[in-house]
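> If you want the building blocks of each chain, they are given just below.
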Amino acid sequence: MLVDLPGGWSPLLGRLAWSQIPYANPILAPLFVAVVIGAIIVLGLITYYGKWTYLWKEWLTTVDHKKLGVMYIIIGLVMLFRGFIDGLMIRTQQVWAVGPHSSGVFGSLHGYLTPFHFGQVYSAHGLIMILLAATPLLVGFMNIIVPIQIGARDMAYPYLNALGLWITAAAAALIMISLFVGDFAHNGWFEYAPIFEMQYSPGVGVDYWIWTLQLVALGTTLGGINILATIIKMRAPGMSWGKLPIFVWASLSANVIALTSFPALQVALGLVAADRYLGAHFFTAGMGGNLMLYTNLFWIWGHPEVYFVILPAFGMMSEIFPTFSEKPLFGYITMVLASMAIAGVSWLVWLHHFFTMGAGPYVNTAFSVATMLVGIPTGVKVFNWAFTMYRGRLTFNAAMLWAIGALFLLLIGGMTGMMLAIPAINYMVHNSVFVVAHFHSMLLVIVYAIFGSVLYWFPKVFGFKLDEFWAKTMFWLFSAGTALVFVPMYMLGFMGMTRRLEYVFNTGWQPYLDVMEFGIVVYTLSVLAFFILLYVSVRDHAKNRVGADAWGTSRSLEWMTHSPVPFYNFAVLPHINERDEVAWRRQHGIDNVRPEHYEDIHMPNNTGVAIILGGLTFVLGFALTWRIWWLCIVSLLAIIVLMIVRSFRGDPGYIITGAELQRMEEEAYRREAQIADSHHSHPVSGGVVGNAMAYQRNDSSK
Amino acid sequence: MDIKWRNWLKKGWRAAALAPILLLGGCAHNPYWIFDPKGIMAKTNLFYMIVDVVIMGAIVGLTALLVVWFMWRYQKGKNRGKYDPHWSHSNTIEVFVWGIPIIAVGFLSYFAVKGTFEINPYNPTVITHHMKPNGDPVEVDVIATDWQWLFVYPQYHMAVANELVLPVHTPVFFRLTSSAVTTTFFIPQLVGMIDVMPGMRTKNALLSNHAGEYQGIASDFAGAGTSWMTFKTKMVDKADFSQWVQKVQQAPGTMTYASFNRFAQPYINVNHHVVYFSSVEQGLFDHVMTEVMRGKTWPLPPMMTENMVDYMKKQAAEHRD
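Protein chains in written order, with the numbering used here: chain A, 1 to 702; chain B, 1 to 321.
In case anyone wonders, no lab produced these hints; they're calculated from the structure. Glycine included, each C-beta is placed from N, C-alpha and C at the ideal position. Among the hints, a few may not be true.
Claimed, not checked - Derived, one-sided and incomplete: chain A residues facing chain B with beta-carbon distance under 10 Å:
| # | residue |
| --- | --- |
| 1 | H101 |
| 2 | G104 |
| 3 | A156 |
| 4 | Y157 |
| 5 | Y159 |
| 6 | L160 |
| 7 | Y200 |
| 8 | L329 |
| 9 | T356 |
Said to hold, decoys possible - Label-pair distances were calculated between CB atoms; the ranges are:
| # | chain 1 | residue 1 | chain 2 | residue 2 | range |
| --- | --- | --- | --- | --- | --- |
| 10 | A | A483 | B | K132 | 46 to 52 Å |
| 11 | A | P26 | B | F96 | 46 to 52 Å |
| 12 | B | K203 | A | S19 | 55 to 61 Å |
| 13 | A | Y362 | B | P137 | 23 to 29 Å |
| 14 | A | S19 | B | R262 | 26 to 32 Å |
| 15 | B | K132 | A | F106 | 52 to 58 Å |
| 16 | B | R262 | A | M340 | 26 to 32 Å |
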C-alpha cells in the first residue's frame, strides 16, 4: 500500500467493513429502511404486472434518443429532489444552530447535524444540483429535441448515446449509495486542496467524490461528442447553418464547451486520485506540491461548466419566447454570435473564483475585465428576448411564465455577477452567502428554463399537455420560495455572513434565517404542486391530447412531426426552406401536407451492452472507492473485453419497409384527426408544393 | 478621487440601505457590516460597490421596466400595441443592444482596474500613499491552524491566540500562512478577504480610525471547526494598545516551535478561548512555513466530529479546554 490507510483494510473487502454502515444514525437508518421498502414495492409491482420484458426491451436496452432523453430527465428530476432535500436540511440546520444557547440533538452541539454530516450534506447538495440534476436534465432535453429540430431520425451514435446515459446513471447510483455505505466528501462540492488529502480527509468520502465526478465527466463528454456530431452531420436537406433552430445553436456552443472542458476536470481528478491512492504530491502543501494548482485546474473546467449548463437554458428560453410571442426571435444572428462569444470567453475567466488567492493586481484585473466581458453577450441576449416580446402577441401560459421568471432572475444574477467580477467588491463578499445567493440566482435561471421546457415540450414527447392550473400554481409557489430564500440571503451577505457555517455565531442573523426557512417550506409546497401536476395531467391526458403543432404558434421543426414523436421521428425527411420552418409552412398554407409515398428506412437495433457497461462502471467506481483491488481489476477487464467484443460485432441495424411505415403513419394521422382542433392533412406527390419543397426529394435509385 | 462625489454617493447609499433596516424594526447599530465600514480598506470596497450598483442598477432596472412594459403592452387580446408577426430585426436596436453593455463594461472596467490597485493586499495604495513618513506601522504575522488563529506581533516578541488587538490611526501589515489547510482571513468592517494557505505567504493590510470591536471570521471552509474559528478584532487608542502590549508581555505562556506543534493539533474553539503568549520564538512564522513545505502535517483522526458531543468530551479530557 502506497499510502497509510487509517482504519483497516482486507484483501477481500478493501476498506469496507460493517462499521462503515451508519445503522445507528437516526436520520440515515430510517431512510435506508424506507428506501428498501420502497424498492421492494416498486420491484414487486413490476413483477406483478409482468412489465420486466417491456422495461428491458423498450427502455433499458433502447437506443432511441427520445427515450434516452426521457430517462436522463427522470434521473435529473430524481436527483433534483434529492438535492432539494439536502437544501432543506442545510436551511434547517442553519435556522436551528444560531448562537451559543441553541439546542442540539443527535450528537451535535447545536442543531441536528454535526460538522461531519453537515459538510456531507452541502457537498452532496452542490455536486448533485450542478452535475446530477441540471446537467442530466439539460442533456436529456438536448437528446430529445436536437435530432428532431434538425430533422434527423436519431443521434449520430445511438449506442454511444445509451452508454452516456448509463454511465451518468452509474454516477448517480454511486453518490446515492454513499448515503448508506460509508460517507460522502464533506469539504464542499468543488473540494479544496489540501483538505482533500488523506491527512485531512481520511475517510472514503473524497474517493466517492472523485469517482462520481469522473463518471459524470465521462458520460457528459461522450454525450457532447454525440450531440456535436449529430448537429454537424445529421441535418435534414436544406438546413444550412443559418436555418439552424436557436436551441440547436445553444446546444452546439454548450457541447463545444463540454467536449473541451470536461477532460481538464478528469485530469485534475486523476491527479487528486494519484495523491490519495499512490501517495503522490501534486496538491499537497509540502513536498513540492502546489495546492493552488488544483484550484486553478478545477475552475479551468468549473467555469466553462457553468456556461455549459446556462447556454442550453438560454436556448430553451429562446424557443419559448418566440412561440408565445407569435413572432420570430429578435436578432437571430446576434443570438448565435452571443452564444459563441459566451462559449469562447468562458475559457478566460476561471480565476474570478479565487480573486482572494492573493494574485497580483495585474492578474486580478485581467480576469476581472474578462469576466465582465461575459456581461456583454449576456446583456445582448436579455435585450433580444425583450425585443422578441416587443410588437408580439403574448400568451402568458405556464411555460412562458417560467421563461419570464428566468429572465428576471438573470437580471438579478447578472447584476450581482457584475459586482463579484470587480475584485474590490469581491474581496468583501467572496465566500459569503452573497456569492451563494448569486450563483443560486444563476442556477435558478436554468431551473426556470428547465421547468418552462418541461411544460413546453412535454406534449411533443408524450402527446398531451400538462395541466395549466397546477403548472401555474407550482410556478407561483416556486417563485415565492425563491424570493423568500434568496432575498434574505443577499441581505445576510451584506451583513457579512459567510458560507458553510454549521453553527451560526451571530444571533442577529436569526430573523433572516427564519424567513429563509419559511421560504424553503414554500419551495416544498411547490414540489408537492409538481407531483399533483403530474398526477392530474396523467389522469386527464385523454382530454389534453394535442396534434403535431401542440401550441398552434410553434415555429421550429420538432412541431412538424406527430405528437408523441414516432420512434423514427420523420417518416420522410422534410426539406427545410426557412429558419422557422413550421411557422413558414403555416404561413404558406403547407403545414398540413403529408407524403404520398414512403421509402424504406434504416434504424439502429437495441442493445443491452450499454446498460451492462454502465453497471460495470458503477462496480468499478465502488471498488475504487473502497480499494477492493481484485474487484477493480475484474470490472475493468470486463469493461474492456465487452467493448472490444461489441466493436467487432457492430450493429447492422434493421429496415422498416415503406409499407409498414405507411401503416404506422396512417394510424398516427387517424389518431390526430380525432383531436378537435387539428387539421386534416393531404398527401403531396414528389414532395413539392407550389414552388416550395416539403419533403426530401428521393432521387436515389433503389 | 473626487471625495465630494464619493461622499455624496455614500450618503445616497446609506439612505437606501436604511430603508430595509427600518422595515426590520430599526436595530440600534447597522447590522449590514459591508455597508458600515470602519476601516479605509473596507470603505474603499464599499465605494466601488456603490459605483457598480449605480451603473448596473440603472441598466438592469430600466431593462426590467422595459420587459414589464412590453408584457403589459403586447399581451394577446388586449390590443394595446401593434402586432407585427414578421418584425425580427432592426439595426438601430442592435446598435443599442450591443452598445449599452459594451459602454457599461468599459466604464466598469476602468473602476475595476483602479480599485484593484487601490486595495491590492500586497501594496494597498489607499494606505501606502497616505502613510506618514514617520508613521510606525504595526506588523502582525497570522498563522491559521486547524482551527485557531495565532497572531504573532514580531515587533513586540509576543503572540495572541484567537484575538486581534490593534491601534487606531496606524497602518497594520499582515503576513499570513496556515499550518494545515486553506482558509480565508476576513474582518468584514475593516478589511476584505485574503486566502491563508499552508506553505505559502500572503499579505494584507488595514487602517482604521474608529475604535471598537469588530468580528473576524475564517471565511473559507477549513474543516469541522470552521464555524467556531472566529476572532474578535479590537481597535483601541494608541495608549490603550501600549497598555495591552504590556499586559500580554507579562502573561505566563510562551510560544516556541515545540509548543506551536502542540498548539496546531486539531482543536475546535467552541468556547472562544483567548490565550496570551508573552514571548515568541524568533522567526516562528517562517519556521512553520518551512516545515509545512518540507511536508509537515497535523492529520485529523477519521470521523472526528461524527459525534460532536463525544468529541468535545475527548477534547476536554485531554485538558485542552
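> Hints first: check each against the structure and report whether it holds.
The hints, checked one at a time:
Taken as an interface hint, A:H101 does not check out: its beta carbon lies about 13 Å from the nearest beta carbon of chain B, beyond 10 Å. Below 10 Å, beta-carbon pairs count as interface contacts, and A:G104 has one with chain B at about 7 Å; its hint therefore holds. Because the closest C-beta pair between A:A156 and chain B is about 31 Å apart, greater than 10 Å, the hint is violated. Nearest Cβ of chain B to the Cβ of A:Y157: about 35 Å, over the 10 Å cut. The hint is violated.
Given hint, A:Y159 at the interface with chain B, is violated; its Cβ is 40 Å from that chain's nearest Cβ, farther than 10 Å. At its closest, the beta carbon of A:L160 sits 37 Å from a beta carbon of chain B; the interface hint therefore is violated under the 10 Å criterion. Contact between A:Y200 and chain B, as hinted, is supported at the beta carbon level, the nearest pair being about 5 Å apart and thus within 10 Å. Among the interface hints, the one on A:L329 holds; its C-beta lies about 6 Å from the nearest C-beta in chain B, closer than the 10 Å criterion.
At a threshold of 10 Å, the smallest CB-CB gap from A:T356 to chain B is about 4 Å, leaving the interface hint in force. A hinted range of 46 to 52 Å holds for the C-beta pair A:A483 and B:K132, which are about 50 Å apart. Taken as a hint, the range 46 to 52 Å is violated for the pair A:P26 and B:F96, whose Cβ atoms sit roughly 60 Å apart. Separation of B:K203 from A:S19 is about 45 Å and departs from the stated range, judged on CB atoms against 55 to 61 Å.
Between A:Y362 and B:P137 the C-beta distance comes to about 25 Å, which sits within the given range of 23 to 29 Å. One distance hint, 26 to 32 Å for the beta-carbon pair A:S19 and B:R262, holds here, with the actual separation near 30 Å. In this structure the hint that B:K132 and A:F106 lie 52 to 58 Å apart at CB holds, the actual value being about 56 Å. For the hinted restraint 26 to 32 Å between B:R262 and A:M340, the CB-CB distance of approximately 58 Å leaves it violated.
Taken one by one, the earlier hints fail for this structure at numbers 1, 3, 4, 5, 6, 11, 12 and 16, listed in ascending order.
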